[in-house]
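Visitor: If you read the protein sequences in the order shown, they are chains F and A.
The opening position of the first sequence corresponds to residue 1 in our numbering, with each subsequent residue numbered one higher.
The opening position of the second sequence corresponds to residue 1 in our numbering, with each subsequent residue numbered one higher.
If you are wondering where the hints come from, they were derived from the structure by calculation, not from laboratory data.
Among these hints, one or two may not hold up.
Claimed, not checked - Each pair of labels, with its calculated beta carbon distance range:
| # | chain 1 | residue 1 | chain 2 | residue 2 | range |
| --- | --- | --- | --- | --- | --- |
| 1 | A | R133 | F | E326 | 55 to 61 Å |
| 2 | A | E126 | F | V300 | 44 to 50 Å |
| 3 | A | L46 | F | E243 | 40 to 46 Å |
| 4 | F | A352 | A | A83 | 22 to 28 Å |
All figures in this text were calculated on a predicted structure; none of them were measured in a lab.
Virtual Cβ for every residue (Gly too), placed ideally from N, Cα, C.
So the chains spell out like this:
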Amino acid sequence: MNRAESDGQSAEGSDAGRAGSDAGRDEPGTGPDGSGTESELVADLLEGKHRALARVISKIEDRSPGYRDIVSELHRHTGEAEVIGVTGSPGAGKSTLVDKLAKTYRDDGQTVGVIAVDPSSPYTGGAVLGDRIRMASNVGDMDVFFRSMSARGTLGGLSTATSDAVKALDAFGKDKVIIETVGAGQNEVDVVRTADTVCVLVQPGSGDDVQMLKAGILEIGDVFVVNKADMDGASRTVAELEEMIHMRESPAKNLDTGHHGPVDEAEMAEVAIDDADEEAWEPDVIETVATSGDGIADLVEALAAHRTWLEESGALAEKARTRYAEEIRQLLRSDTGRLLEEELAERGGVNALADRVLERETDPYSIADEVMGPIADCVRDRRE
Amino acid sequence: MSTQEQEERTIRCLIAKVGLDGHDRGAHVISRAFRDAGFEVIYSGLHRAPDEIVQAAVQEDVDVLGISILSGAHNTLVPKIIAGLEEYDAFEDTLILVGGIVPDDDREELLEMGVSAVFGPGTPMEETIEFVRENVHDRT
Chain F
1 MNRAESDGQS AEGSDAGRAG SDAGRDEPGT GPDGSGTESE LVADLLEGKH
51 RALARVISKI EDRSPGYRDI VSELHRHTGE AEVIGVTGSP GAGKSTLVDK
101 LAKTYRDDGQ TVGVIAVDPS SPYTGGAVLG DRIRMASNVG DMDVFFRSMS
151 ARGTLGGLST ATSDAVKALD AFGKDKVIIE TVGAGQNEVD VVRTADTVCV
201 LVQPGSGDDV QMLKAGILEI GDVFVVNKAD MDGASRTVAE LEEMIHMRES
251 PAKNLDTGHH GPVDEAEMAE VAIDDADEEA WEPDVIETVA TSGDGIADLV
301 EALAAHRTWL EESGALAEKA RTRYAEEIRQ LLRSDTGRLL EEELAERGGV
351 NALADRVLER ETDPYSIADE VMGPIADCVR DRRE
Chain A
1 MSTQEQEERT IRCLIAKVGL DGHDRGAHVI SRAFRDAGFE VIYSGLHRAP
51 DEIVQAAVQE DVDVLGISIL SGAHNTLVPK IIAGLEEYDA FEDTLILVGG
101 IVPDDDREEL LEMGVSAVFG PGTPMEETIE FVRENVHDRT
């Protein structure tokens, strides 16, 4: 997306009215008449119109023209919602648990947004989004805004649009935003980058204790839930999780608080001392039976306890900073990527270059230097 | 904007089972066919009330609402859904399809009401998919 171009469009088309916005959605290529109503859409969203919220999320998902302006306008209205991520293996009962969680918050008078991410086909990009079926406790309640999202080809358990969609729900005024990830695999841990509190669901009997030692999803939990606790083996799974938690010296440092990359021994020790001061978070292990609602109250309490800890320890602000830093980096990466795609097209396309590599005329590194060189020079010159 | 951004626009559909009939094989088959056509399909599950379908269609901002009815209650249920969509300004830009058992006389009535097409038993999948592709962008 060309930033300048889209600004021009919004200025020019600002009077296009409601019909213009619809036309723009139908044909993403129509630009000028389509993107003029962004601020109107934002105004409608802030006023609490469900349709506008739904449309904004679609624009975010589609990366349609003007979506960036929308998200940046929304930003200043965000920061109030508590964002809870729910992850775990397929069939662990995430949707049912989220449903009951949403119900509990609603009964407490809070409004809830839910984003449920489901996998998309690697072949066609299509998807069947089936989590809505399990939102039985909240049907007919418009104050639970439930939105299904397809992963649209990204790995990690979330769609790249998820965090922007969370912002839309936050700006809309939802007190709680719950993100349900794709039935995540062992390494699908993106949710820590978007949620303040991560709840990991584990099924009874889902592996031996070596599973508990492995890196990945079990490292990211702020609260663990052994769902289907009425099944055989639940107490053993609880015991194993608790053992795992006690073995943690410094909980999920890299992911949680943004302490950077590899650290040496001294730094590690320092970090450990820091933590002792501010009392590191020790995750709870909660047993639930989501279908009957057993244990949901305990879970709500555990989530609230983590929230309190986040606020009092300063970890919340730290998390937010890390998140925005990562977001800035990501935007820059994708903008640079787009610039490079343009450059490649200008040079006759990447396939032509690949053919030259295939013919052994040159190699990928040389081509990268060749393409990147002038861009790098240009940027460095400007900096001086 | 780049061509890549245009290609990212994905057709979103809600496949809805309304009312009391419990036969959802057809709904499953069409969901799968739409998925394979590259659409994003939200499946409602069985026994939904018109209100629930409206809520889902509005929140999910779908381009296409496919209503599957085999019970014969289309004349009562479909108008309720359409009224609900109108209430949320969502009727105008939602392509509404009805699939199932619909007698010819009722068919006309549904079309007049604002349903875009009625697909009876035995309609080839390709026909439905093609219809969606051709008509989804034409709404105003």
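Visitor: If a hint holds in the structure, say so; if it does not, say that too.
Guide: Hint check:
1. A:R133 / F:E326: 55 to 61 Å: Hint violated: Cβ distance 37 Å, outside 55 to 61 Å.
2. A:E126 / F:V300: 44 to 50 Å: 49 Å, holds
3. A:L46 / F:E243: 40 to 46 Å: Once the Cβ atoms are compared, 43 Å apart, the range 40 to 46 Å for F:E243 and A:L46 holds.
4. F:A352 / A:A83: 22 to 28 Å: At 57 Å between Cβs, range violated.
Against the hints set out earlier in the document, violations occur for numbers 1 and 4.
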